[in-house]
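*Asks:* What follows is each chain in one-letter form.
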Amino acid sequence: METTWFCLVALMLATYVVLDGFDLGAGVAHLLVARTDEERRAVLRSIGPVWDGNEVWLLAAGGTLFFAFPTLYASSFSGFYLPLMIVLWLLILRGISIEFRNHIESPVWQPLWDAVFAGSSALLAIFFGAALGNVVRGVPLDRAGDFFLPLWTDFAAGPESGILDWYTVLVAIAALLTLTVHGALWLALKNEGALEARARTLAGRAWWGVLAAVIAITLVSFRVQPHLRESFAARPWAYAFPLFALAGLAGMKIMNAAGRAMDAFLCSCAFILGMLTSVAAGLYPYVLPSSTDPALSLTVYNTAAARYGLEVGLIWFIPGMLLTTAYFIYTYRSFAGKA
Amino acid sequence: MDALTLHRLHFAFTIIFHYLFPQLTMGLALLILVLKTMALRTGNEHYHRAARFWAKIFAVNFVMGVVTGIPMEFQFGTNWSRFSKAAGGVIGQTLAMEGVFSFFLESSFLGVFLFGEKRLSPKAHWFAAFLVFFGSWLSGFFIIATDAWMQHPTGYRMGPDGQISLTSFAALFTNPWLFWQYLHNMIGAVVTGSFVMASVGAFYLLSRTHELYGRTFVRVGVVAGTISAFLMAFPTGDGQGKNVAFHQPVTLAAMEGLFQTEDGAPLALLGQPDLEKHRLDNPLIVPNALSFLTYQRWKAQVRGLDAFPKDRWPDNIPLLYYSYHIMVGLGTIFTGVMALAAFALWRGALYQSRGLLWLLMLMLPFPYIATTAGWITAEAGRQPWLIYGIMRTPAGFSPHVSPGNVLFTLIGFMGIYTVLAILFLFLIRREIEEGPEHAGA
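Residue numbers (the numbering used here), protein chains in the order written: chain A, 1 to 339; chain B, 1 to 441.
Hint data in this document are derived by calculation from the structure and do not stem from the laboratory.
Accuracy of the hints is not assured; some may be wrong.
[Said to hold, decoys possible] Which chain B residues stay away from chain A? Per the calculated CB distances, all over 12 Å, these:
1) Gly-43
2) Gly-271
3) Pro-287
[What the hints assert, rightly or not] Taking lysine-lysine pairs in the DSSO-like style, the calculated list, with each CA pair at most 30 Å apart, reads:
4) Lys-338/A / Lys-299/B
5) Lys-310/B / Lys-242/B
6) Lys-338/A / Lys-253/A
7) Lys-242/B / Lys-338/A
8) Lys-310/B / Lys-299/B
9) Lys-338/A / Lys-310/B
10) Lys-118/B / Lys-56/B
11) Lys-123/B / Lys-56/B
12) Lys-242/B / Lys-277/B
For every residue, glycine included, the Cβ atom is placed at its ideal position computed from N, Cα and C.
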């Protein structure tokens, strides 16, 4: 039962990254690909009807994590206090920049919100990447399963490090590049003309950065978190996840070069999904490893809620998710085609 | 300031600011549905435009509600980790259900409602408006279910390690606290929505712009406002008051400023609680009324604060007493104002009576104040408990987050929310100035 919920929460988070990832990426690409006011409006139109729904996945995944693994929720949210608060502020700024930009026609008002939109999107991609890096690297948990991390200390990727060290910064850069490509591919899919061409070029160039970052992370992650090696050795079938990611990574480049925008975007989704499921499979049964003593790590077993709650949760969760899938299919179909 | 005070201020500040927006969206969602229904029935473009105008106001409010709402869910983990660790298995259920059942519904169909009018048939567009209304009211339901559990926990078991686990899913939703609190709160949202609509309408009539719309807004606002203002007092306010009387009698005593147990307890209309001398200064009272309202008997005994040990008294009795009296006082004024306006409307005189229109226009901030005071009553009344009778508030906050960090983020939120408030007022003022004529198809 704990494992089922681990898979469900991991899947919800991955869905969040895939969906909100493209509108975050569109924000990162915003100033790079859209030059005129008309083009910038087109970028916002491309995500306008869906960004809020995409962001709801973060809330729903957070809520599900809260009820299925309350100890993990409490420990990680209080331990990552400052970066989470900064994420909240960025989400606030980004939300209002999208919604308020087009309320007033003015050469002062619109560029301001364009800059806020791009800046907050980029910083969010970086913070989410750093968060992932922290979960892989582990944190200094105490006996009660609590910790507190400052933003940075010595950047050494050891037990004394803060949220940001060389490893988590590396993951953050990879996340920024990945979402840039992901967002640019979405913009190429939803737009025409110069905007589409620039988006494709940006995706093609940033792809090389993603490739370099993925190679670097793969090499160092097994050293930073030795548990990954044990996991994959114990469950060789889990190699399917990184292979899936690799196929997506290759597909993105090929399809983008061939001008098949929809396929390139789907490959990017597959890449992100593959990478995140690889991390989940590699960490399992850990959900937050300890960077000091492996025995103090938080696992699916020592953080899960009582069994009755998890069982009754499945009864409403499954129909709830089916409904949600139906809404999303309906919304995306209603706003299908070029924006 | 110590960590506990800062954590409490942090939550109080962010939740009070947040709830300024959902109370209007939930109320307006219903009123927009009313306008859409009138449009569908009459086929009159006037009502479509009226609905579109309020949809724009709704959209700005909705964004504010969303962006200030995300910090609320996060704060359970960031600032109240010991509470979350102990009770997450229970309140996580209702919070997760809110995300899964209401947020997805609302966000998906708000997009369809706002951007899809041209692509949809009028009936399908009405249905999108209905789903937005339904989603927002469902969202309110799960939040109230969460709060009701903290006010009056049901369906749980306390483990030896202080871990609280759910034993009955059904008990979460049949909680006697939930029913009245939900209705009282949602009707409060309709009161806010009605007063805002009537106020904008009165503004248009007084400034002689968009007068046809002004009439519609005043009419819909006054009719909905009259019904909801009365429902606020009876039966929902009465039902919620009895919940407090039966399940949190010490809170009732503190709210009413009743220091001594009395047979035939008076209802204090005005007065200042004096915690040194244990009495109400400068009291203006209605004899025996509290006994009657609580037990329907004029001479019934109502327990005062003296009947309870001091460590069970709410920790800020003056705040509780004042917020409760502000809520009830304003609620009474609302019924009076709306009854007058409804009478004038019935006599066909409302659109010309400038005095009444001025009154309606100036009422704008007061439903917000009443709602906020009501929520302070509920939450300060729950003190000194975080979960009533099970977990005290000082046992719930995050032990490793230093006061310095909490103060930092509290200041950060104050700064950002000030900017948000300015932007919000600026944009809403523009929408109201432009008026419904510009809310084209």
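*Asks:* Now tell me, hint by hint, if it's right for this structure.
*Replies:* How the hints compare with the structure:
1. Gly-43: Consistent with the label, Gly-43/B stays out of reach of chain A, its closest Cβ about 25 Å off (over 12 Å).
2. Gly-271: holds, 41 Å
3. Pro-287: holds, 49 Å
4. Lys-338/A / Lys-299/B: Roughly 73 Å separates the two Cα atoms, so the pair is violated.
5. Lys-310/B / Lys-242/B: holds, 22 Å
6. Lys-338/A / Lys-253/A: holds, 21 Å
7. Lys-242/B / Lys-338/A: Not OK: Lys-242/B and Lys-338/A at ~57 Å, beyond 30 Å, violated.
8. Lys-310/B / Lys-299/B: With Cα atoms ~26 Å apart, Lys-310/B and Lys-299/B stay inside 30 Å; holds.
9. Lys-338/A / Lys-310/B: Given pair Lys-338/A, Lys-310/B is violated - Cα atoms ~67 Å apart, limit 30 Å.
10. Lys-118/B / Lys-56/B: holds, 16 Å
11. Lys-123/B / Lys-56/B: With a Cα-Cα distance of about 20 Å, the restraint between Lys-123/B and Lys-56/B holds, given a limit of 30 Å.
12. Lys-242/B / Lys-277/B: holds, 28 Å
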